[in-house]
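Put chain A on the given structure of chain D with help from the hints.
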Amino acid sequence: MSMYTLLVNNNHYEVDVEPDTPLLWVLRDHIKLKGTKYGCGIAMCGACTVHIDGEAARSCSLPVSSLARKRITTIEGLSPDGDHPVQQAWVEEDVAQCGYCQGGQIMSAASFLKTNPMPSVDEIRMAMSGNICRCASYNRIEKAVVLAAQKLKQQ
Amino acid sequence: MKKKIDRRGFLKVSALSAGGMLIGFNLFSSCKNSAKLPDDISKLNYKDFNAYIQIAPSGAVTIYAPNPEIGQGVKTSLPMLIAEELCVSWDSVLVKQANLDEAYYRQMSVGSTSILMGWLPLREVGATARQMLVNAAAQQAGVAPSKCTIKEGIITCDGNISIGIGEVVEEAAKLEIPTDVKLKDAKDFTIIGRNIKNVDANNIVTGKPLFGLDYEYDGKKIACMMRAPFGYKLKSFDATEALALQGVVDAFSFMQNSIAVVAEDTFTAMKAIKLIKPVWEATKRAADSEKENVKIKSLLQDSKYDLIQSTGNVDKAFASAEATIEQVYETPYLPHSCMEPMNFFAHVTDDWIKLAGPIQTPQNALNRVANALKRDKKDITLELTRIGGGFGRRLFGNYAPEAAIISHKSKYPIQLVYSREEDMMGGIYRPAISYKVSGAIKSNQVSAYKLRQVGSTSLKGRFANRFPTGAIPNVRLESIRNKSSITTGAWRAPISNVYAFAEQCFLDEVAFKLKKDPIAFHLELIEKAKKSDNEHLVYEPERMEGVIKLLAKKANWGNQSEGVYQGFSQYFSHETYAAEVAEVELRNGIPVITRVICAIDCGLVVNPLGAKNQVVGGIIDGIGHAMYSDFCIKDGRPTVTNFDRYRLIRMNETPQVECHFVQSNLAPSGLGEPSLPPAGAAVANAIFAATGVRITKQPFIKNKEVFG
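First to last, the protein sequences are chains D and A. The first sequence maps to residues 1 to 155 in the numbering used here. The second sequence maps to residues 1001 to 1708 in the numbering used here.
Don't take every hint at face value.
No more than 20 Å apart at the CA atoms, straight line, and that leaves these computed lysine to aspartate or glutamate pairs for EDC-like [as the list claims (entries may be wrong)]:
1) K143/D to E1653/A
2) K1295/A to D1306/A
3) K1197/A to E92/D
4) K1409/A to D1376/A
5) K1208/A to D83/D
6) K1220/A to D16/D
7) K1271/A to D20/D
8) K32/D to D1265/A
9) K1197/A to E142/D
10) K1271/A to E1241/A
Examples of chain A residues lying across from chain D (beta carbon under 10 Å, computed) [what the hints assert, rightly or not]:
11) T1206
12) F1211
13) I1222
14) F1267
15) T1268
16) M1339
17) G1388
18) V1417
19) R1420
20) Q1614
21) G1618
22) Q1656
Keep in mind the hints are simulated off the structure, nothing from the lab. Here the structure is a predicted model, which means the values were calculated and not measured. No residue lacks a Cβ here, since even glycine has one placed at the ideal position from N, Cα and C.
With the rest of the complex left out, here is chain A:
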């Protein structure tokens, strides 16, 4: 593969004064002409470059990884792309988390896009550096660069002279940046496609301070906060008792409806916030999820809606149907429950602001702090820490301006720490969404498909023209927004996480009604999609067919042993295809999920080990929340606030998950999310196979007919 890109535009190279070579680059834009590389590694700045590679005279390579690590493995997989093209051994590569400064473009982990966006640019950076090293070695050996090969950091010139890359870094740094470099062929990959372990594994198992809550700073105080219930206002509060506690240094209200305490240490701050006596005042928007459910039910029947997609003539097809099927699916609000509760450090002074902590959207956090305090962005720095789980919650960095305002008001460097209760009560929840799905049947085929979403979020256009569009001639997607004072946002595989549950449970029900095997029914639909002349389809039916066929084989579909009941589900999201079979067995008449088999097509798999970890985790996460997580809001407050009554899946409830990848050389797509959406439906469909009961409401565990 040969690609012509003006590499002078997006990377710069220089020599370091202590020896070695430094490459600075911008992933998705050009460097400014004036951009200069520092000559000292301790002075890396991220104003002009968003990432660096340092090659030391010893040949050691240090990559300053640009994306925040939230557990999805990009701190491993993105540097693998650079190292592959650089032709060094993975053992000689050290990866460090880059910090954020202003103008740090798209440094975020969201929507499983990191690998998709980094695939070509990171490889081009690696290939360019490799070519410069080869050119320098060729010069030293007095041969043409075309006579040189490079492997594991050793350049071989003319077949007999061996030169380590470290030996030529200083010369290489002086050379002109080549503008026409060759990327490696997939068949020559030695790092991409290999099982590479988490680069932080040793630090994690020895308890090193990596996370936001571990951040230390001289003179740091701890702040805890409380906020008004959803749809309530703060009328007044009494902080006398809190302030009387030894170690409490301040207490005040801020951002209209929140109260903070500042103390010398975390335990004191947590104790003090409980001693605050607030008076909340209900507004007309006081939140109650049970009342919302009643409203959602009526909106499912409403005549007004937003049209997301209309293909063919759905009404006509329903009018001429021989039979129709309709089902309603319900899902609750859910907190993210990251194991590391939300937290952020802020030190606001008259001259500068220092921020540090775990966040997926650092640029946005910095902007919000600048706006909240009316300060120049140039005076703000943000240091990223490792993140103890994201799942979408840390895209919404409201805790960063909260921390900054508390520091500004108290005049202390503070770390804002949410208690688990505050984390669960003050969430940016997965929206509660219900679906009404209907199908029209004619000549034992589905002639029309209609899906309506009602929830505190909108069904977005990107859901249009997905499966089963193309397979069913008449399709209509409708959306109605249920306005609520309960704050909602992205939750791992946004909307897809519940949309797939409705779609895939419904199609299973249709297959049953048509007396067709669920997988055969899907393949039959996909066959129609392959022949469809609909130009708007956003998925490739052939790839969908590929994962389903691989899955059917690996799951031994249709030939399960006695007492094992299988359920099937498949879904396309984030450019990745996922198909899953869940197996349940009945123990004392209660279904137990024993095994899940999954097939995935995410293009080329960069790091099979990391990829498998993501897929398996996503499936168990999807099953856990569909099965167990019950969440209600009454009088503006969640009725559960900690893990005693809010149930997350635990090890004794976890099935064994097997994961199989479709062999592919297509550009890789992400894996942090796509395995999650089909998981709930696979389990619900397996439970139907075992018990004959259709579960249409999450969490499944509340279904008395099945679970008693």
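Next up, chain D with everything else stripped away, as it sits in the complex:
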């Protein structure tokens, strides 16, 4: 076991874990932030998506030892009051069915819109194809990303 200091959602956390422990399990089991989900453990489903220094990353495949001095953002920290334009768009489009994958979807979308603030529908479909939604809410995710882009533009 080793001690690591992590900066998560602007808070410092000290955790005593094995160096190969993925960020996903540090967040869920040690820091008790449950919004980041386990889906596959091999970076294929996107349920565990977080931001590292503002960029989307699959937390299930990031060992804690690689995160020194990185700024980690989870779905809980995306906005102070759950009012990030992507979150608002998700509620307005009634995207969620079971809801399990949606935190990861939102984190992917928020990061994507930072790099491409005015994406085409095809670009959205490609950018979001790393996130699986088993309820198949894909049509609404697509619409919500378009809506979120409009909201971000207005800000």
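Then chain A, alone, in the frame of chain D:
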């Protein structure tokens, strides 16, 4: 509509000590005479009542929703029924998930039945409470209740005195329960039929801990497990390396053929289970899906079968046919792949057992734990969490007794967590099923229809007398069970999900052979069904005709733009009628599914927004699994165990789906499943229209002629 029901029987009302009114009710049975409501909201029990409504002095209404939410929206749509009759504004309603205790009757989400079963009882509860509030307000204003109206939680007496429901809750709670209340007319609905968003939307988008895997408990350890391959036994195992890992507290075998490790945290438990060295021993039942396919093929020709339905004289019609058509359709075993892997919490002590987690059949889970540990059901409590996808998998709660046994053996409160690999390997799969469908043609009409199912499940009687019975004079349905050690169970729209693929691809092929337009051919068949004197038909041909006609109009059937190829399919299940047109375009010669248009008749649509979400999701789910999901079992183990090699549909492969509802005031039927069954056939038929190739085997993507 006036209904006389003894409402005293199934609901009770009392005042809460902190103020406000509490209504407790049983949905499908009467309350016991001795049943008493608690006077404190924190002491709700579900022994005597299976759901509650609390009305606070502020006028706020809290409904403790009785059905587990698996993403199908009942946590929204069922409370809408109560709120509608209560005549309150939806904004003043808060919905909370009720927990399970013993004697909680039919608390499960299965077979798209929640809305069908709740339609009248929930409205009656709401109407009764509304009448009591109105009676109390009338008393206070000194007018007759008939002079009072109620709207959005405000009671207006004699046209000028306004009283909020919160102001009269305490008085209302003391009144006698009226036995003759009036339900609202459909034309007066203000909540039913409105687009109401998912009640948990804000919690979901902010990452609140709602799901089973998010469950926290002091001193909780994590357990991971492995089980013998299908048809194998556990001979021995070596846990030395696993136990040497820091944080691992126990490792043992249980339930004969499974091994568990218990650790301080999830990552350690997942690491440790991989370090276990088991020795499996093959039995005669060692499973291999390729070998099963060979057996299934021979059973398709076997002379012995179970007869599910026989109408007319099929053999005679085939003997006198001018032509016959026969086709075989094949579908593989499929895992459910819920995004939240199976998991369950259990704390087994000498005095009590606490269970918590995501399950569609809580009562059954509780019974299984009681049986497994030989304990009194009274000592067991079960807390429900939100469920990260069901699709049928969480009806089969084997993970609940597994968790309880691991807790019992290790003496720790534990949460059993399946890794994705364990979830996919230890599945309760959709059965692998093949169909042989044959048709006899005489005078350019179908004179007989014969369908044989062979699979690791039986074709049940409820499939009898569905379409095309009534439309074709001679029909025979046959079933042969292929015995297998591979565990199977319900998978979204059980059997229908593959049965519709066979039936609707076959009828498309028949239409082509008869040189008839597929939709015109279906309407012609339905016309015959409308005139049929067969009393056993389980579907209404008129409603089937209605959805097809609506679909043909909305899809602009027969007038598609150049380069767009349409395929049609329709199917009746779960009391709901669904008809779909899939459109494909060829890109570099490969078919791409661009759009699906769907028409649905599910009676009155309670929540159009939620209903549309269900229908669209069901169609994409049906297309995704028909197109991409390939699953084989070799040496008792699936050959794919995670989403790298097991393919689920992704956003860039998803068509735009349009959904249209038939306007209806008939009692609503469910929507979690019925849009899925026709989807695969609509796509296969569109691919035929585009390429001239009949795809008869799932997953379609493996068809080299079409997809290269």
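Taking the hints in turn, this is what the structure says about them:
1. K143/D to E1653/A: Holds, at about 16 Å.
2. K1295/A to D1306/A: Cα-Cα ~17 Å, so holds.
3. K1197/A to E92/D: Between K1197/A and E92/D the Cα gap is close to 8 Å, so the pair holds against 20 Å.
4. K1409/A to D1376/A: Roughly 18 Å separates the two Cα atoms, so the pair holds.
5. K1208/A to D83/D: holds (14 Å)
6. K1220/A to D16/D: holds (18 Å)
7. K1271/A to D20/D: Since the Cα atoms of K1271/A and D20/D sit roughly 11 Å apart, the hinted pair holds (cutoff 20 Å).
8. K32/D to D1265/A: holds (12 Å)
9. K1197/A to E142/D: holds (18 Å)
10. K1271/A to E1241/A: At roughly 11 Å apart (the allowed maximum being 20 Å), E1241/A and K1271/A satisfy the hint.
11. T1206: holds (4 Å)
12. F1211: Status holds, d = 6 Å.
13. I1222: OK, holds: I1222/A within 10 Å of chain D, min 8 Å.
14. F1267: The hint holds - F1267/A has a Cβ within 10 Å of chain D, the shortest such distance being about 4 Å.
15. T1268: Cβ of T1268/A sits 8 Å from chain D, so the hint holds.
16. M1339: Holds. Min distance 4 Å.
17. G1388: holds (3 Å)
18. V1417: holds (8 Å)
19. R1420: Result: holds, 5 Å to nearest chain D Cβ.
20. Q1614: holds (8 Å)
21. G1618: Constraint on G1618/A satisfied, holds at 8 Å.
22. Q1656: holds (6 Å)
Violated hints for the displayed structure: none, as all numbered hints are satisfied.
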